[in-house]
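**Student:** Single-letter residue listing:
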Amino acid sequence: MWLAYGRIWAMPGKVSGGASSAVAASAHASCARFRGTDPLITGVTRRKLAQDAGHSKGRESAIPLLRWMRAMTFEGLVQDKRFASEVVTTAVGALGLDRPAGVVIRDAGVNVAKTAAALAAAHRDAIVHGRATLIYHLAVPFVGFDGVDATTTRPDFAVVAPRRPDAGGELDASWLVVGDAKDYQRVRAKIDDAKLMKGFLQVALGAESAAQWSQLPNGMEVHTSGVLAVPRNTSLNPTAVIEDLTDHRNEVRMRVVERQKELARFPGATTIDPLEHLAHLAARFDPAPCAGCDLFIFCRNELQSSKDPADLLIELGVKPEMRQQAIGLIDKTTPLGPVPSSVRSMIEATLSGVGVKSRQRRLDPIGQPGTVNVVLAKSDGATLGVYGIAIQRITAQGAGAWDVTLFYNPDSDATRRQIMKLLAKQLFDAMSGAVKANTTSPEPIHVVVPDSGTADLLVGIADSIAGSELSRLRWQRDKNQDRPALTFDGEPAIIPPRLPEKDRTAVSFLLEQDRARTMKSRTPIVDLRAALAALVTAGGPAVTSLRADYLYPWATSGRVPIDFRTHSSLIEKSPHTVGAQLTTPQSNAIHEAFIGDKPGLPRPANPAAYDSLVRDELAYKTDVFDKCVAALDSEFVASKLRSAVRQVEGDSQIVWRRRLDLHAFDLVRFSRTSRFWRNDNVPVLEADKLFVDQLTVLTSPLAAHDAAVDAGNRHLAIARVVGTSPYVLEVDSRRIGDESRVVALHVNGEPCVEEPTVTVKIQKGSFKISNMAIGPLTRISADPRQFEWDPHHDPRVAVGDELVVADFAWFSMNAGDAFLNVPRPSIDQRSAPKPDCTPDSYGDDPASHQYCCKPHEVSEAEWSDELAARRASGRLNPQTWPPIVDSDAFDVAAVGDDLPDPAAEPAVAPPEDLSMDDVE
Amino acid sequence: MAIVFTPPTVVATSAYHHSRAAAENEAAAKFAKGQLLDALSGSSDITTILLKAAAGAGKSYVLKQLVQDAIVQPQCLRVAVTAFQNRQLWPLAESLGNAIGKDKVYLWSSKGRFNDVPDSVKAAASVVDSGSAIPTDVPVVIATSHMFGEIGPRKIVRDHFTPSFHGDYRFDVLFVDEAWQLASHRFDKLNYVAPIRVGVGDVGQLSPIEIGENPWRGDSGYNPYRAWPHNHSADATAWATELPAVWRPTGEQLGLWRAFYPEWRSLNCVAAPGDRIIKLGKLTGVAKDVWESVASGVPTLLEVDGLPPAEAPDVDFPLVQFVEQLLDDLFSAGFSLAATEYNGDGTPSGKTMTTEPGDERTDPLVALLATRNATVDDAADAVERLRKRHGLTEADLLTSTVDSWQGQTNGITAAVHPLTGASELDEFNSSFGRLAVTCTRATHGLLIVSRTGLDRMLQEVPAKPGTPFGEPGNRTLPRQTHQRILATFARGTYTV
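Heads up: the protein sequence lines correspond to chains B and A, in order.
According to our numbering, the first sequence is numbered sequentially starting from 27.
According to our numbering, the second sequence is numbered sequentially starting from -12.
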């Protein structure tokens, strides 16, 4: 088995595996070393070159076996008769072409001659019979390299469809729509745009090659659009996405010319000593984007061996325009320019081996009663696959034990439902505990996760189950009305099991988080790593701190200084991770224990090994989790505004509990919300942003400093005290000056709001902060930057102190200087039950309650009736043309779908020269 | 050292000018009128009429005509005219007042902005700060979308005005100027106003303002920040047409205009090459080379090397100072703008209009446009100094943010290219709506400056996606779009 992924492939013996994808060429175009190590120049792949140079990325960078099997399974599905028709009709319909008379499938056998024959046959089918054809396993001479020893590009598939008949009704032309199959995972129902662009660049390479191929049948033209087959939802069920390739093809042409130029520079390519050649090429290194390149370790090692301070900055990922400003931090002689605090802290931590604390205090609820900690071990066999979960609830008595559960059917719907059941129990108990502690205004509950990937996985699971439940309600109505239960495309549906009432708490809570995800003041799910990262900056490239196990040791005081390179190398080589995604070796090991070495064994094939591997993985995750929490507790104190932040979440959860209790609008993910809800959320979002911006600059000296030196920010400025009786400030701002009223937010990097004299009062409309220094500025001399400052509360600052001041009017319209009022953000109450709605309200008076507490049961029944009416009048698939795209794409199946299981058989290793970059 | 400007690599081919170009707009306007009258009389199901214009197409003129066409119909008792900004409504109120009479056109201003309404508007139209002060038999009521959408004014509309010809609505038609700048969430609040809506606007310019990160960008469903006309792209009750000719640019700028509207079937320009002339006084050195290129009517891009480092790529005081020096030389040498005048149908009248600094004119001679806050301040300081030095008025030289200059016209534009100093493509430096506004204001000359290295940067940066999937708009990629635009400029480099 094999997979092409639209790369350049050369004939064996010419250039071994001569692969260089169009996407990689575009991503690394600025790097002379990348361009110069084209396999067509060096005769070897970059991976082999790195190995030969002794700096291989190792097996950690390989594609996990199961992930590879999933990619192959998906590609296979696109060739399957049933799903191929779906891909073809969706694509042809979206391109505005006529409905084809039928769909034919042809195999081009990864062979140029066979591809030409398949295209000729498909063209005939199109113009004679009006049929569309899906051709897979194509091989087309690579654009611009016609003479280079039969190098080919291999699009996964292409669709040939009849063009519209000409004015005389004659049909003598066809379109060739080039495509690729990419099993991109949907995160919260959406595929990332950058991923889609990468996919379409690959398609464009195929399209561009096909367009210049002399053997294209006469009358066949490459369409300006291309098609990607991607999963319709979290299952592997494929659908088609269309894109105009004009600019993508332009991009490909640009890279081909670049490549040809590079080849021309080394005409004697075959005589080059690759290692010597490599050493002469200058790299352009950036730790984040370069991580995808096979030469990453080689280039990084080169920087690490250098004594030049500038190379350390490059290794750390400091942007080119910033390096000259920051180099003084390393060489201690060059004058310092304006360097953002985040960059300065990162460099200081790198040099000292000790994390730099931001002097911000804790706003997070981690470790508080009402929080539920969750870690997951994800399976690469499915978007929502999970091997095991560990859950821990915090009560007033403290943290309970981690409750570990393993799953023996990791990629199944049953496992997902089990996860919701486990989580729901803890959330329900947390909620009951909060209500017991305070019946009138219970504290909110939170799920705490080690990274955002875990949060996305949990919400994905909830969304999948919610979609099933809503579908089930519709089909229940169909049943009651003696109608057949049909999928969106009109096929008999498999009716999913009912969502138990108790489990709904978790599903509903996670969807509440999904709807609230853009509101930064909301915290239904708390990201442990992000909470820690706000308080401490680690040494080493910022991208390494995206792992909590790398980050937390930097927060712990009293330990030996950390060498960031040694530490990061340990983390890179660790078999375990803290987040949901496993390392490749661990993923492979678990998969092998699960599946065994031959098909047909029971699952898990080796239960003891499977259990121990998954338990070890979860033990690592919970161990790091505990250490992060311990670091938070021991190293950082709570902010005065912590309770205010929790109050904001609490206000919203009151509304959520009403939604949950009355089944009203509680199973709706963000992308399914109504037009009214969205309109009403515009001001809510705006208020949220303002609140979070204000909260951040009040509590974070780092963020406030960066905002104050940002030339584009009008609200904050740096001010130095140059006189004390009266106070005279020298203000670095073009906006804040004479007659501005300012409030001091930070003095010498210490937040004023955390001073002992300051109090925070939670009021109905705002958080009222007392004893902050607020007062007007008045020009006193010819110096345009010096002002007398007359604050109501004495900040007791001294000459030479550095302040961050903010324009008071940005916070409040108050006339007095005694208090700083931070407005409370408004909460989302649209499409939610009102405080006085009861379970009977809607039934008793539907008209008055249709927009607040109408339960899902009623809404779905109405929608079911509407769909049935549309179906009866031929306004749904498959009767309509072009096919209607199912924007909900719920995770439900039709009878007979029988999607293949990527873990059905022992995995086949992916080709050596492919990396995750080719799959993702 | 003389600067050699290389001519654009892309110029507009098969272009129409004068009456042949203008006739295309006229034909589109006639069709629109027909649709509107049919909609009013109830003989069609159309409820939304959209006129898509490129910058400087004379769309406000068409809107004014349609308002006049509507109010003489027996099925039309009263129309509302709205836009997002006060500044967009003022000239409209003035020209409508002049056309149909002060007593028939009421501008309903907020109390806060009443004093800002220019005297010329107050002279031409009736301006009030209370809806109740508008006589109910007035056929044209003008107010911002905020005003019509707020709860208080909505109540006034309901209670004060009598029903229109169309049932319970208080107005028969709602006209929206700069329609593509008005967000859906705002427009939804205007649904109560009238059953028929006519939107006129520039589709290639700034989209509605989004605060922070818009979570609905790319949502295949409804995006409340999306311009409201996009909601009607597949609506059987909507009718849309393009106004395919532009009046504002020089004939030599047409290639640039077309680069901003790549998906249009046709885009032509009333002015023919040579119809507009900038006469320059005695200039020397760099200024001579630069202004001569600008005076040729061809969009001019000057890349400058050797300046002191900038505070940030987009806060570049030395570059603004460089532009200030060029403008200083221009005003010192003196210059005038000459333009062929056209009849209403686009044919040259045989007359030429000439203006120069010191003349009274509505549109300023020179505009210095800036994008981000601090650069706006730097540009304002530069303009202040130049005004003092040369005794200039607002009509001679002004500065503005690009965003608030949308819809405005000036003789010569000077601005900084958004990619200057950048090391990657991002949302701000690849906001083509904003770049379109910058590049499409000038009737005579366009000068864009930048630090050197634009081409190299565009060759090397990683590819970035353009408009998110699911979002309306063209499917071009930012790198290629920038390249297409740059190809229409005459380009030169200068080392300080």
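Where hints are given, some of them may not hold.
[What the hints assert, rightly or not] When the alpha-carbon atoms are kept at most 20 Å apart in a straight line, the in silico SDA-like pairs for lysine to any residue are as follows:
| # | chain 1 | residue 1 | chain 2 | residue 2 |
| --- | --- | --- | --- | --- |
| 1 | B | K715 | A | N201 |
| 2 | B | K221 | A | P452 |
| 3 | B | K666 | B | V681 |
These are calculated hints, taken from the structure and not from any lab test.
**Student:** Run every hint past the structure and note whether it holds.
**Tutor:** Each hint, compared with the structure:
Between the alpha carbons of K715/B and N201/A the distance comes to roughly 11 Å, so the proposed pair stays at or under 20 Å and holds. Proposed proximity of K221/B and P452/A is supported: the alpha carbons are some 9 Å apart, at most 20 Å. Restraint check: the Cα-Cα separation between K666/B and V681/B comes to about 26 Å, which exceeds 20 Å; the hinted pair is violated.
In the structure shown, a violation is registered for the earlier hint numbered 3 alone.
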